[in-house]
Each structure stands twice: as C-alpha cells, then as structure tokens.
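A.B. asks: In the order they appear, the protein sequences are chains A and B.
Numbered per my numbering, the first sequence spans residues 1 to 112.
Numbered per my numbering, the second sequence spans residues 1001 to 1108.
In case anyone wonders, no lab produced these hints; they're calculated from the structure.
From a predicted model like this one, the values you see are computed outputs, not experimental measurements.
Cβ coordinates follow ideal geometry from the N, Cα and C atoms, glycine included.
Where hints are given, some of them may not hold.
When the alpha-carbon atoms are kept at most 25 Å apart in a straight line, the in silico SDA-like pairs for lysine to any residue are as follows [claimed, not checked]: (1) 1095(B) to 60(A); (2) 1042(B) to 97(A); (3) 1095(B) to 85(A); (4) 1095(B) to 13(A); (5) 1042(B) to 63(A); (6) 1002(B) to 3(A); (7) 1002(B) to 55(A); (8) 1042(B) to 8(A); (9) 1095(B) to 97(A); (10) 44(A) to 1029(B); (11) 1067(B) to 45(A); (12) 1095(B) to 30(A); (13) 78(A) to 13(A); (14) 1002(B) to 58(A); (15) 1095(B) to 45(A); (16) 1095(B) to 3(A).
Some but not every residue of chain A turned toward chain B, in silico, with C-beta under 10 Å [stated by the list, open to error]: (17) 3; (18) 9; (19) 30; (20) 33; (21) 35; (22) 48; (23) 59; (24) 89; (25) 101.
Some chain A residues well away from chain B (every beta-carbon gap over 10 Å; in silico) [as the list claims (entries may be wrong)]: (26) 2; (27) 13; (28) 22; (29) 24; (30) 51; (31) 62; (32) 68; (33) 74; (34) 86; (35) 87; (36) 88.
In case you want the letters, here they are:
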Amino acid sequence: EAGVAQSPRYKIIEKRQSVAFWCNPISGHATLYWYQQILGQGPKLLIQFQNNGVVDDSQLPKDRFSAERLKGVDSTLKIQPAKLEDSAVYLCASSFNTDTQYFGPGTRLTVL
Amino acid sequence: QKEVEQDPGPLSVPEGAIVSLNCTYSNSAFQYFMWYRQYSRKGPELLMYTYSSGNKEDGRFTAQVDKSSKYISLFIRDSQPSDSATYLCAMMGGKSTFGDGTTLTVKP
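Working from the sequences, and respecting the hints, build out all of it.
C.D. replies: Given below as structure tokens:
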C-alpha cells in the first residue's frame, strides 16, 4: 500500500511570496489533514477535510492560508503572502476513519 | 496553558535501559490517546493507540493511560539505538492535539 505522498519536499521562498503544497492521501482514505510543525514543537492541525468538505479549519490563518480538496482525493495548501513565521514543516495525513492517521514525509518551508 | 504538556527532554539512555515518556493533559473531552515516533526529517509514525484507562502492550512498548489523573505514559523496554527518535503524544476528542515531543537518544 502506497503511503501519503507530498511535494515538494523542500521549498525556500522570500517573505511576501506565495507557495503551494500538494498532498496525495492513501487510496480510499476519506479524511485528510494538514498540520504545521514548527521546529521543536508538535504538529498543529491547520485543516481537516472529510471527502471534499471542511470539518475543522479553526486554526487556519485564513487571511493568508487556503486549502482545497476539490475531488475528495488530492489536496493543496497555499500560503499567500508568506511571513517569516511560516517557516515550518507542513505535514499531510490521511485516515480511513478519524482515528489512525498516516503521515506523509512533509514539506520543509523556509521563508527568508 | 497548553492542553497537552509533554516532558521536554532530551533523554539519553544506554542501550537496554527502560525508557519512560510522559504527558499530562487538561481537556476531559480527550477520548483517544496515541503515541507517535518521528525520525529526523520524517513524518510521525503511529506506535500505540488506546482509548481506555489501563495498559496496552505491543512488543517492547507499553502505553499506560490514567484518565483520573489525566496522565499518559509510554514505556520502552530493552531500548535499542534504533529507538532514537522524537516521541510525540497525541490526544483526540474531535480533533488531534499533539505534545511538543521528547527526543530520545539510545547509546550503544
């Protein structure tokens, strides 16, 4: 069984630029999560999708972050414009139900 | 105050030692309790999952939950250098909330 795929693995941008991350969950997993993990901290949930509907986006900074999962499979997370404090690893996870989550390798973002 | 507090570490032990990793929480709504292992530059990997007070054992790993004290632990027996990683506790009552992790180094 293929795992959660994410791309790119690394991204370096300057502040005020925009960036997008892509996630392909495990086949058949209806629930998809985006997390932000700042160095030395645990993952923080940004948004949770159930199929293509949003279940929880309470911690998503909606003035600059957006996410979509149009066909209930792949998802993209966008930041526009980026700030220095957005430097982090962005993790995508998926689950068949809502308990066991499988994580991808993450995208490491550096904002200069 | 954070909903989930995890012993910060870092923790360094000799090979073969018993390791104890601990978290406390404040939100009584948490129903599910997980431990993840995260190697450097990798995503977290689920180790243990439980939803009730008591102990759950899987090989060298034992997860312990005490809901009355709002305290969970992960014990690693006969620790190996390959166990060197960051261990994250996570709790769920609706959405998942993670601790900040404890970095463990097992020295040969």
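A.B. asks: Now look at each hint and say whether the structure bears it out.
C.D. replies: Quick rundown of the hints versus the structure:
1. 1095(B) to 60(A): holds, 13 Å
2. 1042(B) to 97(A): holds, 23 Å
3. 1095(B) to 85(A): With Cα atoms ~24 Å apart, residue 1095(B) and residue 85(A) stay inside 25 Å; holds.
4. 1095(B) to 13(A): Distance ~30 Å between residue 1095(B) and residue 13(A) Cα, so the pair is violated.
5. 1042(B) to 63(A): violated, 29 Å
6. 1002(B) to 3(A): Not OK: residue 1002(B) and residue 3(A) at ~31 Å, beyond 25 Å, violated.
7. 1002(B) to 55(A): holds, 23 Å
8. 1042(B) to 8(A): holds, 14 Å
9. 1095(B) to 97(A): holds, 13 Å
10. 44(A) to 1029(B): holds, 18 Å
11. 1067(B) to 45(A): Between residue 1067(B) and residue 45(A) the Cα gap is close to 23 Å, so the pair holds against 25 Å.
12. 1095(B) to 30(A): holds, 15 Å
13. 78(A) to 13(A): With Cα atoms ~13 Å apart, residue 78(A) and residue 13(A) stay inside 25 Å; holds.
14. 1002(B) to 58(A): holds, 16 Å
15. 1095(B) to 45(A): holds, 8 Å
16. 1095(B) to 3(A): Holds. Residue 1095(B) to residue 3(A) sits at ~22 Å (cutoff 25 Å).
17. 3: holds, 9 Å
18. 9: holds, 9 Å
19. 30: violated, 16 Å
20. 33: Holds - the Cβ of residue 33(A) comes within 10 Å of chain B, reaching about 8 Å at its closest.
21. 35: At about 8 Å, which falls below the 10 Å cut-off, the nearest Cβ of chain B leaves the hint on residue 35(A) intact, so it holds.
22. 48: holds, 7 Å
23. 59: holds, 9 Å
24. 89: Nearest chain B Cβ about 9 Å off; hint holds.
25. 101: Status holds, d = 7 Å.
26. 2: At roughly 14 Å from the nearest Cβ of chain B, residue 2(A) sits farther out than 10 Å, so the non-interface label holds.
27. 13: With a cut-off of 10 Å, residue 13(A) remains clear of chain B, as the shortest Cβ separation is near 19 Å.
28. 22: Answer for residue 22(A): holds, closest chain B Cβ roughly 15 Å.
29. 24: Nearest chain B Cβ is 14 Å from residue 24(A), so the label holds.
30. 51: holds, 17 Å
31. 62: holds, 17 Å
32. 68: holds, 19 Å
33. 74: About 17 Å separates residue 74(A) from the closest Cβ of chain B, which puts it past 10 Å; holds.
34. 86: Given a closest Cβ separation of 19 Å, the condition holds.
35. 87: The assertion about residue 87(A) holds, with a minimum of 15 Å to chain B.
36. 88: holds, 13 Å
Violation of the numbered hints given earlier is confined to hints 4, 5, 6, 19; the remaining hints are satisfied by the structure.
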